[in-house]
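Participant: Fit chain E to the given chain L structure using the hints.
Protein chains in written order, with our numbering: chain L, 1 to 353; chain E, 354 to 706.
Each statement offered as a hint is correct.
Partial list, computed: chain L residues near chain E (C-beta under 8 Å):
(1) Cys307
(2) Arg334
(3) Arg348
Below 20 Å or equal to it, Euclidean Cα-Cα: the simulated SDA-like pairs (lysine to any residue) are:
(4) Lys692/E with Ser296/L
(5) Lys692/E with Val293/L
(6) Lys339/L with Leu648/E
(7) Lys413/E with Leu432/E
Don't read these hints as lab results, they were simulated from the structure.
Yeah, the Cβ is synthetic: ideal placement off N, Cα and C, and Gly gets one too.
One-letter residues, chain by chain:
2 protein chains.
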Amino acid sequence: MDHAVVMAGGSGTRFWPESRAHRSKQFLDLTGGGPMIRQTLLRLFPVVPPERVWIVAGIKDAPHLSHRALGIPKRNILLEPEGKNTAPAMAYAAAAVAREDPAAVVLATPADHAIGRVPAFQAVLRKGLRLARETGRFVTLGVPPTHPSTGYGYIERGNPFPGNVRGAFEVVRFAEKPDLPTAKRFLRSGRFDWNSGLFLVSVATFADRLTKFLPEVDREIRRAFHGDRAGFPKRLALAYRRMTSISVDYGILEKEAGILVLPANVGWSDLGTWSSLHEFLAERGDNIAFGDVILSDCRNVLVRTDCGIAAVLGMDDVVVVRSGDAVLVCPRSRSEEVKGMWEEIRRRFPTMA
Amino acid sequence: MDHAVVMAGGSGTRFWPESRAHRSKQFLDLTGGGPMIRQTLLRLFPVVPPERVWIVAGIKDAPHLSHRALGIPKRNILLEPEGKNTAPAMAYAAAAVAREDPAAVVLATPADHAIGRVPAFQAVLRKGLRLARETGRFVTLGVPPTHPSTGYGYIERGNPFPGNVRGAFEVVRFAEKPDLPTAKRFLRSGRFDWNSGLFLVSVATFADRLTKFLPEVDREIRRAFHGDRAGFPKRLALAYRRMTSISVDYGILEKEAGILVLPANVGWSDLGTWSSLHEFLAERGDNIAFGDVILSDCRNVLVRTDCGIAAVLGMDDVVVVRSGDAVLVCPRSRSEEVKGMWEEIRRRFPTMA
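Next up, chain L with everything else stripped away, as it sits in the complex (with noise of 0.2 Å):
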């Protein structure tokens, strides 16, 4: 059967000051349509029933992770007791669904992306679950680049792959994100997409390429599922704290070969600063605003207020965020340059982080 594991272990620093180290990016409502995790299940549920979707999240998190709410299993929803990266809640969730149902695909993804065309993004994660049922292969997502990113990893298509379902590629190589000059080289080739962080691979072939790859990974999960329910949460604590922090891409993906990419244009972002958030809001007018703001002369504006209200005067491409105790005031082009100001408000304003 067909699963979804949702990672959403991030912490997304970037956002801050709606972020904080206690309220993950995944879970703000940024978009205006609900929480990013809630947006992730909502788009799923129509291609994966509910009870066959997983969240695997930290522990701090749990809080935020109301079965209830989000509408799936308790049992799905899987919590780390530390963050290791992707490889290890990979491994972690692929377990348990292969204890379940060890002919189970999954289509992993993480929890804090957005998605502009939902009904098109829908047919291609069909299309995937079935390309790695049938191949048995890790088939990614790869994003048509619309400019030379340097915030994204890339993928290089090869030659068109054969065989029932269309559009697939093999995979030629990763690339992690590049500097400016290679994206551009990137883009002219028409060659690469962007890597969204999103898979579908069986969990037969999942484990046998964490055996390969990270044999140590591996070995510390079996261990923790091996045993008595009841002290499984003290052996997963003892995994973790043995576990080296590695991604699915690095630790897995970048070295194997045969992986497929189905290029996927269906209007996705990661998020991943608030300019790309105003990026993907662009549609619905050049300022942006979330609660009770008032404008007067602006332009290109992303402005916030979780409460009271935010008046921002004669100002151009400017980022003004408000929520709870904290403000923040940026240009729209330098709001990669957040998660930096963040380090410096943890040291000097640890409540504030």
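Facilitator: Showing chain E alone in chain L's frame:
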């Protein structure tokens, strides 16, 4: 004897969101040295002792006017039932002072201006009091202009005034806020000072000119003061309801002949806007911050927060103010327009104005 009258009836909508409909500019701590009105009083006390310092203010501001906090006798706080500009306010105060001391000279000053060089300012006030007493004339304080401001009224100096008190000039005329070419001409001529709004005059002269130039105001105030003590508030309310709203400048000074001006190079600012506050505080550095503020790569910014933190990244020449439930962001050069924005806020979010 010498008395001082602090005119504290203004509103200061250009300092929104710190100033609000019920928190006027003179009660804000804009410079970090305490509320403007308290700074004004503390500057006066070495010149005029507290028992002869009076405040005229709106009854709506009574909650801000603790005589204990202000350090003057309770009976010296004169509450106007409604605001009718400075002529009725001064008429009320002058009548109260004259009832006690018919030979008084009063120093009338706005409550919400800032002075950079306090000892020099106090020396000029002493000189002005003497001059007003010896001549029986109105004496105004002129501020040598530093730039062709279009935000101030101007006073044109004529001949030096002979007599015991040095440094005074005859006033040729008062000029209202000029346009830029006129302001530049004024500056070049070397004959114009900014009108500080501060003046000194004997209560006898003031009463005489009030009868002459503003007989209606004179009559109403006389009526209010004529009768039993218990009925005074009611009579005053009636008088204020009937009086026209008019300023001392427009109603008396511009019509009066023989006014004197004392140029006063005392670091005066009327703190009319956020930008003028920034200029007044410029010696503290390019960036001015009040409260828990984090600035990263900013130039010439004024950032204030009354609680929580304000983080500003990569901005130049902006004002960021968070006060209570409101945030304001605007370029320094446009802080004059906050007044207009306040009107919109009052319409759309009345509780925030």
